[in-house]
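Undergrad: Let chain A serve as the given structure and place chain B on it in line with the hints.
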Amino acid sequence: MPQWVETSAHPRGNLSWNLIRAMHLAGRCTFCGECERSCPVNIPLNLVNQKLVLTVKDAFSYRSGYDEKEHPTMIVYSPEDKENFIK
Amino acid sequence: MTDKLLKRENLDKLIGSVTVGGGVFVAPGMEARRVVFREVTRADEMTHDYIIPVNSYKDWVFPQTEVIARFAIKKDGVDLKGEKIEPPETVVFGARPCEAASLASLRSVFTWDFIDEFYTRREDRLTVLTVACTAADDECFCTTVELSPESTVGSDVYLKETADGDYLASAITDKGTAFMEKYSTLFEGASAEAKPKELFIPEKIDGIDLDRIKKWLDNKDHYDDPLWAELSRKCFGCGACTFSCPTCHCFDITDEGTTYEGEKRKNWDACQFEHFTLHASGHNPRDAQFKRWRNRFMCKFNIYPKKFTSTGCVGCGRCIRVCPVRHDITEVMEAISGR
Chain A
1 MPQWVETSAH PRGNLSWNLI RAMHLAGRCT FCGECERSCP VNIPLNLVNQ KLVLTVKDAF
61 SYRSGYDEKE HPTMIVYSPE DKENFIK
Chain B
1 MTDKLLKREN LDKLIGSVTV GGGVFVAPGM EARRVVFREV TRADEMTHDY IIPVNSYKDW
61 VFPQTEVIAR FAIKKDGVDL KGEKIEPPET VVFGARPCEA ASLASLRSVF TWDFIDEFYT
121 RREDRLTVLT VACTAADDEC FCTTVELSPE STVGSDVYLK ETADGDYLAS AITDKGTAFM
181 EKYSTLFEGA SAEAKPKELF IPEKIDGIDL DRIKKWLDNK DHYDDPLWAE LSRKCFGCGA
241 CTFSCPTCHC FDITDEGTTY EGEKRKNWDA CQFEHFTLHA SGHNPRDAQF KRWRNRFMCK
301 FNIYPKKFTS TGCVGCGRCI RVCPVRHDIT EVMEAISGR
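Chains as they are written, first to last, in this note's numbering: chain A, 1 to 87; chain B, 1 to 339.
Treat the hints as calculated values from the structure; they're not laboratory data. The C-beta atom is built at its ideal place from N, Cα and C for all residues, glycine as well. A portion of the hints provided could be inaccurate.
To be verified - One-sided and incomplete, this derived list gives chain A residues near chain B with beta-carbon spacing under 8 Å:
# : residue
1 : 24
2 : 41
3 : 46
4 : 50
5 : 78
Unchecked claim - Quick look at which bits of chain B chain A covers, simulated, 3 or more residues with Cβ under 8 Å:
# : segment
6 : 112 to 123
7 : 156 to 166
8 : 251 to 261
If we strip away everything but chain A, and leave its shape as in the complex, we get (with noise of 0.2 Å):
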């Protein structure tokens, strides 16, 4: 039976892997730049991340690692969210 998310090594799936990660780092992303340093083969994931990072503050002036206390913007509700990003 076909999969949901291919794990084969060619553009679909590289590209649905990479998105579903995206989608699950976004507001929890820290920065931190561990994952380009690790990657073995120099992929410029922060390029990724600064994205990620930069869209969550834009959208909820959230930064995800700079206020323990705070909770990471996707685990809360507020009736004041913007909605505009949902097409």
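TA: Using the frame of chain A, we list chain B on its own:
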């Protein structure tokens, strides 16, 4: 066999002659600030200043992903068609002697109890041009696993660099002889002045004894030795070592497409992943990272030498270089040799 001279300036012509007929020329080149094996069409895409490329050229005989069959579910049954591959002539230039030896290891597995034509057809069309090492880094340990920059096993043509940057070539196999004949205009008679640069032979690591390792691993009491967990505690199972290893050969078969139509693919897999041995029942015989790491070590230094005549580890040092936590296989070899 007398040496022939392949001039540096003739590399461009050699690449052109191979690729013009649809052939593939694989050589080390810079990509994302690292030296990698990749397909080139011009000599200026190559680099000559490297120890060993970060990836193995096994990708051209055992691709990361490939279609092996296509399926379609019809009203009256399943239509399954196996893929027939017709690989192009492939030339690898600038392999190192350690890595050249690994092809025999891949062949042993892929022709063991079943002839895997996806591998053998590619290997039949592959010519390996090895360039002997004139430098090494701290991770090189070929001499510790009974190889050396002087070993020609697995190479079709063995090249030594001269001080002018040219290459002294000698054919090792029939395939190598055929290759040098096919492109004979580019392999000139070598004059006596063309002297090869001195090879760099890395020092053998003193504390390592392959026989002792094999015997220690043979003893089943040592299977549950606390040493395994101690030595591989820092491993987090990313699998980079297996993907960069020239002798690692494990793969997974997976289906892609819709429920009714799609393809079967053969993809690289790694024994370092939790899913690798996960049974459908939920049971996992290698349920901890140290067990998976133990398997990797056992595979190379016990299972392989027992089953095949080829070697499981060629000492290229890639697994040490790519490891994000610097888990050094030679440290484990030393620790076990000392037992």
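Undergrad: Work down the list of hints and note, for each, if the structure agrees.
TA: Hint check results:
A distance limit of 8 Å between C-beta atoms decides the matter here; for residue 24 of chain A the minimum to chain B is near 17 Å, and the interface restraint is violated. For residue 41 of chain A, the suggested interface contact is upheld, since its CB lies about 7 Å from the closest CB of chain B, less than 8 Å. With 8 Å as the threshold, the beta carbon of residue 46 of chain A stays out of range of chain B, its nearest partner Cβ sitting at about 13 Å, so the hint is violated. Taking 8 Å as the C-beta cut-off, the interface hint given for residue 50 of chain A is violated, the closest approach to chain B being about 17 Å.
For residue 78 of chain A, the shortest C-beta to C-beta distance to chain B is roughly 36 Å, which exceeds 8 Å, and the interface hint is violated. By the rule of at least three residues with a Cβ nearer than 8 Å to a Cβ of chain A, the coverage given for the segment 112 to 123 of chain B is violated, with 0 such residues. With 0 residues having a beta carbon nearer than 8 Å to a beta carbon of chain A, the segment 156 to 166 of chain B misses the requirement of three or more and the stated coverage is violated. Counting residues of the segment 251 to 261 of chain B whose C-beta lies closer than 8 Å to any C-beta of chain A gives 7; at least three are required, and the coverage claim holds.
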